[in-house]
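Student: So for the sequence shown, this note's numbering puts the first residue at 7; every next one is plus one.
Calculated from the structure, these hints are not laboratory results.
Any given hint might turn out to be false.
[To be verified] Straight-line C-alpha distance at most 30 Å; calculated DSSO-like pairs for lysine-lysine:
#1 169 to 97
#2 169 to 190
#3 97 to 190
[What the hints assert, rightly or not] Pair by pair, the computed Cβ-Cβ distance ranges are:
#4 193 to 8: 46 to 54 Å
#5 17 to 112: 35 to 43 Å
#6 149 to 225: 23 to 31 Å
#7 179 to 92: 20 to 28 Å
#8 9 to 79: 41 to 49 Å
#9 92 to 17: 26 to 34 Å
#10 283 to 133: 42 to 50 Å
#11 186 to 137: 27 to 35 Å
#12 162 to 218: 30 to 38 Å
Each residue gets a CB set at the ideal place from its N, CA and C atoms; glycine is no exception.
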Amino acid sequence: MLSVETLATIMVYGFITSLVYALYAEGFSLIFGVARMIDAAYGLWYAAAAYMAYALVSFYGVPIVITVLATVGSLFAAGFVYYWSILRRIKEHIEMIMTTFLLALVIQNLIVLFFTNFPWSTPAVFPGSTIVFGVSVFNQQLSAAVAASILLVGLWMLIYRTKMGLAIRCVAQDVEAAVCVGIKPQNTMAIVLGMSTALAGLASILVTPQSTITPVMGWPMLTLAFAIVVLGGLGDYRGTLIAAFVIGYVEIAVQNLISPLYAGAASLAAVLITLWLRPRGIFGRSVEH
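Generate coordinates for the entire structure from the input sequences, incorporating the hints supplied.
Tutor: Dropping the structure here:
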């Protein structure tokens, strides 16, 4: 029988997990919605941010605020330059996937080169714990949830309340029409790729403290992002947000009621069931190729 304590744990940790998942997956959703591309390197941007932040704080003693700004800024610049220098010249989807997959391997091997293949334990930025609805929650996780919620609201305002967001939505809906009203699609897509890599970095900085980081940590995160975005509907902000909560709560429920070993399989099963009932996802729309 489900106890009150277990239910409270599922509700609290499911909410915290879902917020961070949503922030992470929105970047992946943004790429597909605007550039119609699947970034196979997305999970490795997540890993790169974790190692960069760890190195700045642990090796060089850089303050956490400067570390966050430097890491996120570097990832934005890397994504922007990568799109503008290479990806904008590629037209075929399969070539795009293979190119980003190659980038993922390059990033992973650079991590191994500079940090070795051994796992690194990262310290908590906010040590200690707080009781939330009778559940003990690490302050690191609580701060991650608060930051993720603020960033998600900020991202929504950027997309739906600014001129840049209007340009992004115009390019996502109709590239030719966007050109007719003076929008430069290639510039917009480069900015979007920079934003997506920055979001991956932000999610990594929120999650990886008080945990273990490895060079291959990006691959499960890529699978997670893909599952959430497909479940929510490719390129849809609302759908990605709702799908992140579905995946987050399913994983936490399975971890507490069955076993942590089955959490990943359960979330993928939820995706498959939803797609069987609704092939385009929760808020999916058709895509013109």
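Student: Look at each hint and say if it fits the structure.
Tutor: So, going through the hints one by one against the coordinates:
1. A C-alpha spacing of about 27 Å is found between residue 169 and residue 97, which places the hinted pair at or below 30 Å, so the restraint holds.
2. The straight-line distance between the Cα atoms of residue 169 and residue 190 is roughly 13 Å, inside the 30 Å bound, and the hint therefore holds.
3. At most 30 Å may separate the alpha-carbon atoms for a hinted pair to count; residue 97 and residue 190 meet this at roughly 17 Å.
4. Judged by the Cβ atoms, the range 46 to 54 Å given for residue 193 and residue 8 holds: they are separated by roughly 52 Å.
5. Between residue 17 and residue 112 the beta carbon distance is about 41 Å. The supplied range of 35 to 43 Å therefore holds.
6. Checked against the hint of 23 to 31 Å, the pair residue 149 and residue 225 passes, with Cβ atoms roughly 26 Å apart.
7. Between residue 179 and residue 92 the C-beta distance comes to about 25 Å, which sits within the given range of 20 to 28 Å.
8. The hint said 41 to 49 Å for the Cβ distance between residue 9 and residue 79, and at roughly 46 Å that hint holds.
9. At about 44 Å, the beta-carbon gap between residue 92 and residue 17 misses the expected band of 26 to 34 Å.
10. A beta carbon spacing of about 44 Å between residue 283 and residue 133 agrees with the range 42 to 50 Å that was offered as a hint.
11. Judged by the Cβ atoms, the range 27 to 35 Å given for residue 186 and residue 137 is violated: they are separated by roughly 57 Å.
12. The given range of 30 to 38 Å is respected by residue 162 and residue 218, whose C-beta atoms sit roughly 32 Å from each other.
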